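Chains A and B are the protein sequences, given in the same order.
First residue of the first sequence? That's 1 in full-length UniProt numbering, and the numbers climb one at a time after it.
First residue of the second sequence? That's 1 in full-length UniProt numbering, and the numbers climb one at a time after it.
Quick list of the computed label-pair ranges, beta carbon to beta carbon:
1. B:H17 x A:L374: 38 to 46 Å
2. A:F407 x B:L59: 43 to 51 Å
3. A:R6 x B:N127: 25 to 33 Å
4. B:N54 x A:Y56: 47 to 55 Å
5. A:L72 x B:L59: 40 to 48 Å
6. B:N127 x A:L168: 46 to 54 Å
I should point out that these hints are in silico values taken from the structure, not numbers from a laboratory.
From a predicted model like this one, the values you see are computed outputs, not experimental measurements.
C-beta: ideal position from N, C-alpha, C; glycine also.
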Amino acid sequence: MDGPQRHRILMVSDFFYPNFGGVESHIYYLSQCLIKLGHKVVITTHAYGNRSGVRYMTGGLKVYYIPWRPFLMQNTLPTFYGTLPIIRTILIRERISVVHGHQAFSTLCHEALMHARTLGYKAVFTDHSLYRFADVGSIHMNKVLQFTLADIDQAICVSHTSKENTVLRSGIDPEKVFVIPNAVDTAMFTPAPKRLCYDEIVIVVISRLVYRKGADLLVEVIPEVCQLNPNVRFVIGGDGLKRVRLEEMREKYSLQDRVEMLGAVPHAQVRSVLVSGHIFLNSSLTEAFCIAILEAASCGLLTVSTRVGGVPEVLPDDMIVLAEPTPVDMIRAIKEAIEMLPNINPQAMHDRVKKLYSWHDVAKRTEVVYDRALLCSDVSLLQRLPRYLKCGPWAGKLFCLVMMINFLLWQLLQFWQPSKSIEEVPDILILENEDKEICGKLRMP
Amino acid sequence: MSCLLFHNDKDKYRYSHHNGDSTCKGIDVHEIFMAKSRVRLLLSHIGILVCLVNCYISLVKDKLCSSSIWKITVILLFAKFVQYKPVKKESIVILPEFGVQLETHYWSGQIARRFVPGGKILRPVLNDCVTPFTCYWSLALILRGEDQLMLVFQELKPPLKLLVPIWKALRSSFDVKEGSST
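Excised from the complex, chain B in its bound form (with noise of 0.2 Å):
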């Protein structure tokens, strides 16, 4: 089993590569892990805390009517809106000829999968997004009937260097033609 750790400069990501052991010989797993934001949590916490007094002030002090529940909807959807759920790493396995699996593992136990099916992907590519505030690299998956780009990693944004070597095996893998681009 090979194993290969990349930081970057942040040591925000972090990237480790298996390449399949004596057992399962040919499945290739592309892992990126994230370090968790103690502010963010910390400042996550007091959103929510914040959100519960108020909510409770609106249902003990104020009577029940339509302007209370009105407030106590908004209050929940700040709630929401400052939650923070951390992802602890996303992980792509490539079984190659037969699919790609795309998983999600968040800090709270809880696990998000999804497979693809080799048939069903036309070609890996990266794509250089916009925002009105920033840019930033996606790997993405274009899938044969499909309008819209699967992203690869769903929840994180890791930078170029640790999606090129993510990208290339996608393409050794899956891709159909070779030759028109490197």
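Bound-form chain A, shown alone (with noise of 0.2 Å):
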């Protein structure tokens, strides 16, 4: 009997480390917990200052910093063409079976994604955010990802509610897009070891202190929820352009004894902030996911949040209050949470999202994901082309011409450069010697 397929995969997406975020973090727990699997992982990002160039993380996981300077919100210049050289370099000489893509507005992973398609590779997608139809820049976005999708193998989303969104935004089969939550690392996010008393009730705020993270509501809610429970307290962590509102509304009411700002939180002090309340709030306008308040909860917090997005899908709703994003009703969910606090065990909750959410059954998820794009069928342009032209009257003939443009470029670069002449790179084998000492293995291919 033929063992589990290993892969060799891909991840490209502007976001990644040194900068911090869901998608970092998701990609990086992504890739360690597939390399744990037996798959070989290689990512590929912009250069983010002065690191330009190959590194190794954790595990041998190998991270190409392409020396292309990001342009506009941590996004590489928009090229079309311009990545296509050293794409099929790191795909010809790591020897890559699948490119898995993430993020939506990221320039580099919709390109990297055109070019593993021209060259004939496998391709996976992951979307982590929901985005609006409406306004001129979801407009276009959605145009470059109906681009993408309309010749993807298998898509991946991190909600229902995320599926949905993707699949109207960009016209995509929805057989095609699988749903694969996130997870958190339960092992970093632990409850406190003393369970906190209830004379005084904290509730704690962590997010970008932002119109899309609701900081607006919190101007309106917080003053209320004080004067209605005298032994609440805020603590709010993050900063943002919105920030400024919430230190007028400080001053405003007098709450600076009752409301504490702190500022930035780096994410390794997040869970020390966290473990210093009772409840988490969570005043998001639109979430596709939001692992913030999965965070919490595996710290033992109660939270309440708005529902909107795939906020619902997240949590079991002994662990949640939900409200309609509305101060009124946000007061009213607070004041239920506060009543529910004595019956809540924060141990008992950590507990059961370690059950609920791990990173390994993500990579395991993924993995099924991959094995059905590989056995997708390998497509000529000619076959390709007609899946553009569904995504408009105009739009479907300039993106054929984009394709045809792209497989010229590659036949070019055929000739100048040819396949052959690109040398495999051999393997870095991460081992653990007698001494306990990590060391690594070259492995000629």
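Two independent chains are provided; combine them into the complex using the hints.
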């Protein structure tokens, strides 16, 4: 009987370490778990300042920081064909079998998936966020997504709501889209060793203080809650444009001793802030998944959140109190949560989250997606072009033209630098020797 | 004297290894030869000819003024850019305990030599280099007290298969600690 198929995966995104965020940590944790399952993972992203070239992370995870400077919001300058030579070189030298792009907002991801399809590799895309339909920026973004997903092998979304959003925006066949929720590192997010007393209720908020994350709702809700409940205190971590409004609210209602503003909290310190509280408040106006409430639940906090996007899918009903994104309903939900508090057992909550979510489970499910992608048949350029024509009367023809030019440039590159002249890279095996020292061994192809 | 010849697929690079005869025991010489690219040489000559013609036209037809001097400067810079100085071979002579001599031989007969004392070499490394358009391997020396790596092969970019035996030879001659990586 054949063993499980070992894949060689190229993860591509503009968003990776040293930048920090949900997409970055998703890619990292998923890659580490895939390596543990025996697959080879290589990550490609753009250079961050002086960090350019090849780097190795834990477990032999190889990262290519391509020296293309970001130009807008961490994204590489979109040149359509500029990244073809380097992506082709990486695909050949690392003997990649599947290309996995992350995040619809990443230009490098879209370009890499386009080149991967031209070169005949299997392509998988993961969408991490919800996007709108009506404004100019979203219309353009959705058109680009339509282009990428017209010829994708499989797609992954982080919640069912996100799947619905992606399918509507891009017109992809829903049967090609898998739903694999994010997970949380429960070993890092553990409850406080000693249970907090309930004399003073601490409500924790950790998020970017921007419109999208509902900072304006907080400005309405906090003074009201402080007035109704004299024993409630707020701890707000995070920074952003709306921080000024929150500071003004503190001044206006004289809440300096009841509302503590921590500023930007490094991720390594998030857990210590969370365990100082009883309730976690999330006021986002849109969320595809919301890892933050999962982190809070793993630390044993009861969550109060707006009922938006994929949030209702994340936690069971006894761990979260949902509210409409209006101040009145949120105040009602906070009151309900305060009443529920004595019945909450943080350690039991942590153990439940540990059973429900793990990155190893996410990796195993992603492995199934890769297996399915590799079963998709290889198609020639002529068979692929009609898929783009469905994107629209004008857009379809434009996309076909883009792919034909990409194909011609690839043929030119094959002539200029044949595939045989690109050397394959030896794999680095990470081994532990007798003295428990980690060492590397080169395995030539 | 033992000599190992190694060709890669395109016959562009040729590797040769001399392990020292009875008179010079212990001296290890690794050479990498590169075939001259006739096409590139022809294009380089054409480019320089075009630049000279443009210079002549600027000098003779236009009066010598600031704009013509500026034009000539640009033309000369372009000529420098298209200039092709073909490399015949690059070699590394390993003298154990003593040091290494790095040589670049050009087809014009010019030879550039650099000597690195053995005590200055901390470790030879194989680097995976990334440019905006391609990736290649390079063999470099980490030197004590220096921020920059010293490339063993300054002009050529030989494939990894040719660099590995040279790297192993350097490691066996100069590496301080054995066993941390193979």
